[in-house]
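Enquirer: Each chain is listed here by its residues.
Protein chains: 2
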Amino acid sequence: MNLFDLSGSGIDKEKFDTLLSKDNVTIERIISHAQSTPEGEWYDQTWDEWVIVIEGKAGLLFFGEEDVITLNKGDSIFLPAHQKHRVEWTDLEEPTIWLAVHIRSEANT
Amino acid sequence: MNLFDLSGSGIDKEKFDTLLSKDNVTIERIISHAQSTPEGEWYDQTWDEWVIVIEGKAGLLFFGEEDVITLNKGDSIFLPAHQKHRVEWTDLEEPTIWLAVHIRSEANT
Numbered sequence: 025m026n027l028f029d030l031s032g033s034g035i036d037k038e039k040f041d042t043l044l045s046k047d048n049v050t051i052e053r054i055i056s057h058a059q060s061t062p063e064g065e066w067y068d069q070t071w072d073e074w075v076i077v078i079e080g081k082a083g084l085l086f087f088g089e090e091d092v093i094t095l096n097k098g099d100s101i102f103l104p105a106h107q108k109h110r111v112e113w114t115d116l117e118e119p120t121i122w123l124a125v126h127i128r129s130e131a132n133t
Numbered sequence: 025m026n027l028f029d030l031s032g033s034g035i036d037k038e039k040f041d042t043l044l045s046k047d048n049v050t051i052e053r054i055i056s057h058a059q060s061t062p063e064g065e066w067y068d069q070t071w072d073e074w075v076i077v078i079e080g081k082a083g084l085l086f087f088g089e090e091d092v093i094t095l096n097k098g099d100s101i102f103l104p105a106h107q108k109h110r111v112e113w114t115d116l117e118e119p120t121i122w123l124a125v126h127i128r129s130e131a132n133t
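Protein chains in written order, with our numbering: chain H, 25 to 133; chain L, 25 to 133.
Treat the hints loosely; a few may be bogus.
Any copy will do: because identical chains look the same in the list, a pair fits if it lies in one copy or spans two.
Pairs of lysine-lysine residues, derived as DSSO-like cross-links and limited to a Cα-Cα distance of at most 30 Å, are as follows [what the hints assert, rightly or not]:
{"hint": "1", "residue 1": "Lys-97", "residue 2": "Lys-39"}
{"hint": "2", "residue 1": "Lys-108", "residue 2": "Lys-37"}
{"hint": "3", "residue 1": "Lys-46", "residue 2": "Lys-81"}
Note that these hints are calculated values from the structure, not bench results.
Bound-form chain H, shown alone (with noise of 0.2 Å):
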């Protein structure tokens, strides 16, 4: 599967793809129309995440903070084990393209 191939996406929902599930890893393309986080909801990974947006743009808010981090195109960011996050908001006006990368530790799980 072509990263960049965005066929079986749309403007319902977000669409995830596994590319790899190889030991202790998970390497997941997120494809984002323009959704976000549920309001009131967090993610809360028992694992850690290292998460980069390929193209698009999204906006993250880690529980607590006041200050949404803009990701734009080719920014990273790691997502430790319960670190509690949500995306405030993802590109209105084209596809945002996410590869995450799930690592399962024993020490987080």
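Based on the hints, put chain L in the right spot on chain H.
Expert: Same frame as chain H, but now just chain L:
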């Protein structure tokens, strides 16, 4: 560091930057300016690698194979440990930006 920031890279050699090192996982950006693996040399890694071409393109050859695999923008490939391979060529006209995820596991070290 932004993935698309090419500063510090040049035609004299490939540029390698570690974007994340966590547990058994290393995420690396590689910028190639038409470079290839030196004649007669092969990568023979003791760990698994997943690699994707984000910009540009490249030709990859597995040891013992005749056909060079073309990786266009957005194409990815999994390189198991000890699968000998070499980069036959990278884009001559624009920089090739790679993202590589190296996964070390007890099974293959």
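Enquirer: Each of the hints needs a verdict: does it hold here or not?
Expert: Comparing the hints with the structure gives:
no.: 1; hint: Lys-97 - Lys-39; verdict: both (18 Å within a copy, 20 Å between copies)
no.: 2; hint: Lys-108 - Lys-37; verdict: within (22 Å within a copy, 40 Å between copies)
no.: 3; hint: Lys-46 - Lys-81; verdict: both (28 Å within a copy, 25 Å between copies)
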